[in-house]
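> Fit chain B to the supplied structure of chain A, relying on the hints for placement.
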Amino acid sequence: MQGELIVSELVRLALTDPRSLWVLLGLAVGMVLLLLAVNRIPLSYTLRNLSLRWRTTLMTSLAFTLVVGLMVVMLAFTTGMQRMTDGSGQPGNVIVLAEGSIDEAFSNLNVEDLGEIENLPGVRRDEAGQRLASRESYLIVKQPVPHPKPGRSDSRFLQVRGITDAAIAAKVHNIQLKSGSWFSAAGVEDRSGVDSKAAPAIQAVLGEGVAGELAADRTPEEAAAGKNPHRLDVGDRFRLGEKDWVVTGILKSSGATCNSEIWANRAKVGPVFGRENVTTLVLSTADADAAVQLRDFLKNNYAKANILPQVEKEYYAGLSETNQQFLFAIIVITTIMSIGGIFGVMNTMFAAISNRIKDIGVLRILGYARWQILVSFLLESLVIALLGGLLGCALGSLANGLTVNSVVGQGGGGKFVVLELVVDANIWTAGIFVTLLMGGLGGLVPALSAVRLKPLEALR
Amino acid sequence: MKLLSLIVKNVGRNLLRSALTALGTMVLVLVVTLVWSVLHLIDLVTEEKSHDVKAFISERWSVPSRLPYSYASSLCEGAARADHPEDIHPTDAMAWQFYGGTLDPKNPSMKSMVFCIACDPRKVPTMMSGLEGLSATEDAELHRSVERLLAKRDGIILGRNHLLALSQKSKDGKQSMLEDPLGRKFSLSGFSNFKGLDFDFEICGVFPPGRYDTLAVINRDYYNAALDAYPPSHAGVPHPMADRSLSLVVIKVDDMQAYNRVAEQITTSLRFQNPQVKCETESSGVGSFLDAYRDLLWIMRVPLTLACLGTLALVLANAISISVRERRTEMAVLKVLGFRPGQIMFLVIGESVLLGLLAGFTGAGLTYMTINWGFHGLSFPMGFFPVFMIPINALWWGVAVGTGAALAGSLVPALSASRVKPAEVFSKVA
Chain A
1 MQGELIVSEL VRLALTDPRS LWVLLGLAVG MVLLLLAVNR IPLSYTLRNL SLRWRTTLMT
61 SLAFTLVVGL MVVMLAFTTG MQRMTDGSGQ PGNVIVLAEG SIDEAFSNLN VEDLGEIENL
121 PGVRRDEAGQ RLASRESYLI VKQPVPHPKP GRSDSRFLQV RGITDAAIAA KVHNIQLKSG
181 SWFSAAGVED RSGVDSKAAP AIQAVLGEGV AGELAADRTP EEAAAGKNPH RLDVGDRFRL
241 GEKDWVVTGI LKSSGATCNS EIWANRAKVG PVFGRENVTT LVLSTADADA AVQLRDFLKN
301 NYAKANILPQ VEKEYYAGLS ETNQQFLFAI IVITTIMSIG GIFGVMNTMF AAISNRIKDI
361 GVLRILGYAR WQILVSFLLE SLVIALLGGL LGCALGSLAN GLTVNSVVGQ GGGGKFVVLE
421 LVVDANIWTA GIFVTLLMGG LGGLVPALSA VRLKPLEALR
Chain B
1 MKLLSLIVKN VGRNLLRSAL TALGTMVLVL VVTLVWSVLH LIDLVTEEKS HDVKAFISER
61 WSVPSRLPYS YASSLCEGAA RADHPEDIHP TDAMAWQFYG GTLDPKNPSM KSMVFCIACD
121 PRKVPTMMSG LEGLSATEDA ELHRSVERLL AKRDGIILGR NHLLALSQKS KDGKQSMLED
181 PLGRKFSLSG FSNFKGLDFD FEICGVFPPG RYDTLAVINR DYYNAALDAY PPSHAGVPHP
241 MADRSLSLVV IKVDDMQAYN RVAEQITTSL RFQNPQVKCE TESSGVGSFL DAYRDLLWIM
301 RVPLTLACLG TLALVLANAI SISVRERRTE MAVLKVLGFR PGQIMFLVIG ESVLLGLLAG
361 FTGAGLTYMT INWGFHGLSF PMGFFPVFMI PINALWWGVA VGTGAALAGS LVPALSASRV
421 KPAEVFSKVA
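Just so you know, the sequences run in chain order A and B. Under the numbering used here, the first residue of the first sequence carries the number 1, and numbering increases by one thereafter. Under the numbering used here, the first residue of the second sequence carries the number 1, and numbering increases by one thereafter.
Bound-form chain A, shown alone (with noise of 0.2 Å):
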């Protein structure tokens, strides 16, 4: 356990901060470029061994293609999840959940504690002297999917946040919609001059990722005829809870986890799900030092409600713990990988040795000294892990922009979120300095053989 908290540590650093990262590849590039700067041995000998038996160099090549593509595929996801979580939330947000509570939908916060925190003095108010709080409940509801593809679930989860006042929310969460508007102070369509025994439709404004995925439940018809052949749009309705609801706005919410949220009226919303409580205070200050200020006094000094104040901020990142154990994962399964294929370019080294003794004894007789036959294999291998690692990188980054579904969250709540894949010049930069420690671990071992060989033995 300590040593899987050492290594996450370190990679957290390697990848949360940069410079590290960046350190590690300079001292591997500075490397190579030490060895080229000594190499005696002209390199187009190197090249042209290389060409000569290019299927090994291929078949080498190509075990680090798999090898770094792959890493550079399962970053980019961690890195998705990083940005998706570094992305949700305001510095200037205070979030108040009831005391204990993992997660907002364990979290049920005595209304009648909730004016006087609104009230204090930190929260900020608007143009007009409203209050920026905002009042909300987070359910977890569970949707038949109509039409199921094979092999998936009949079922889903959706997150549906049922909100108090959508102006101020908007302000509080500094949050703008795509298209369309807010739903009204109603929370339901307006059907005067309808003639029509149907209940009104509940208001929803949709994150663009829950969207898309209530798009897939239309018949194709239902798709053509919608505005939008990916995700709904303004107007379009679906059913959730028994109910019909319509949309009427979609967020801009690319990059947070609202981007998976169905938010509405929370007056509408809890009759429907049997959740009337109020699970979440946010509340909005002048800046991250403000926040900093209202969660310490209503931690430490507040003793008037049991609650649990967290910077929004903080919260969110609270949220990433799984990312850090999936990037464990990674570093594990690429490290194991990583080892195939260095057993792997050690066995074409060795072959390449054994096959140029006869070389490697005139390259002494000519006067070249150990350690540059040493940098010359050292090369090569540092060549064949290169062409293979830069096609991985290049091929694992068409996974850029690609959306895909997780849980983020801690251990037994979680938002079931849709993020983007994100391959940046950090993964790039990661997947090079992975290539290089295996091409010269790799090459090094039958390097060192090479250069003990003795001229005459080697010619006889």
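Because the hints were derived from the structure by calculation, they are not lab data. The model shown is predicted, which means the values in this text are computed figures rather than measured ones. Positions of the beta carbon are idealized from the N, C-alpha and C atoms, including for glycine. Be a bit skeptical, because a hint or two may be false.
Pulled from the structure, derived: some chain B residues nowhere near chain A, Cβ distances all over 12 Å [as the list claims (entries may be wrong)]:
1. Lys54
2. Ile88
3. Ser109
4. Lys185
5. Ser187
6. Asp221
7. Tyr230
8. Pro231
9. Gly236
10. Leu270
11. Glu280
12. Leu337
13. Phe346
14. Val425
To be clear about the criterion: a stretch of chain B counts as covered by chain A if any three or more of its residues have a C-beta under 8 Å from a C-beta of chain A, and this derived list gives those stretches [stated by the list, open to error]:
15. 18-27
16. 291-302
Computed beta-carbon distance windows for the label pairs [claimed, not checked]:
17. B/Thr268 - A/Asn110: 58 to 64 Å
18. A/Arg40 - B/Lys111: 57 to 63 Å
19. A/Leu120 - B/Ala82: 55 to 61 Å
20. A/Pro146 - B/Leu270: 22 to 28 Å
21. B/His143 - A/Asn306: 38 to 44 Å
This is chain B only, laid out in the frame that chain A set:
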């Protein structure tokens, strides 16, 4: 037989190359075994069973499920009506009430949290999934723990992780707590929705390593007694969870036909309207929870597995290609001696397959022993699965993967070896 002995001798001729190839194979088989173990368990729990079907009854719309405890007895009977003899009763049933308490009430956190299931202890060995297939010793110990929990209302059966957490806090010393946990006492303070429900427990058993490492089981009588005792000490106000304490009912029926009948009984009954309930098979319930991980599972099932198998095939192909290239003269001599091309192909493929088979079996075997016996399971963050054990089938996976990759990787080099022309080879030698 001659060919087989030649194959074995050839593998041993370049021990360094054979060793490196075998090590590379073992390492990659380890990754495949780990990944497939996770997928195997998930496939097992999401596979629809045809008999001895377990079903979950929970709140229809919301998660977590909070039902009145008054639903329990009727749901355990499958909502069968007394005046309808044709209604089906489940063959077994178990009601779950969840409770969350913290070991550190002043500073509650995930690490100090103990998540408990309050239930009828007699149902633990028969109705809780993942406790089948225990060894005779583990099964006997589990039954003894259940008997102790029945006898001791304030008892608790702990998962290993909680025992470890308690041992960290123990004043006696970590080792004595781990070696002899029975009879040790500790307290839990309810948190979040369970605030105000505080319990003193005595350890009467520990779950075997695996699925229940992060859970605990307590006696439902003790839990319900605490809920009943709450109002007198709180100005007559019942605890908020008092009328919402039932979390889940698990029932067992003979087959899918019986399940469909019981599900209809439950969902059409007028007794469960506020809140409404839903009935789904265990596999369906787990499947819908795991649906959020479907992309991650796909990445494991397809790209990751293909990358591992591809790398493995390349490593083996590389080694065999090098071997064939170095032994062209030998292949030519074998042809001159009368070996047919097919036999030479068999020699080359045989070498590769032997290496792959042995390395694959060894790799899978070492993985099984290390993960199951050394680490007590593979820790992977996926919902309520705290650890994944490596199944014994993994030994066959290792053989299959190693052999398959060796076969795939050696086909082309073997074909090349079978097409060696002795005249060309000897003219170069000359």
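> Look at each hint and say if it fits the structure.
We went through each hint and held it up to the structure:
no. : hint                            : in the structure
1   : Lys54                           : holds (17 Å)
2   : Ile88                           : holds (22 Å)
3   : Ser109                          : violated (9 Å)
4   : Lys185                          : holds (22 Å)
5   : Ser187                          : holds (15 Å)
6   : Asp221                          : holds (25 Å)
7   : Tyr230                          : holds (16 Å)
8   : Pro231                          : holds (18 Å)
9   : Gly236                          : holds (18 Å)
10  : Leu270                          : holds (16 Å)
11  : Glu280                          : violated (8 Å)
12  : Leu337                          : holds (25 Å)
13  : Phe346                          : holds (22 Å)
14  : Val425                          : holds (16 Å)
15  : 18-27                           : holds (count 6)
16  : 291-302                         : holds (count 7)
17  : B/Thr268 - A/Asn110: 58 to 64 Å : violated (38 Å)
18  : A/Arg40 - B/Lys111: 57 to 63 Å  : holds (58 Å)
19  : A/Leu120 - B/Ala82: 55 to 61 Å  : holds (58 Å)
20  : A/Pro146 - B/Leu270: 22 to 28 Å : holds (26 Å)
21  : B/His143 - A/Asn306: 38 to 44 Å : holds (41 Å)
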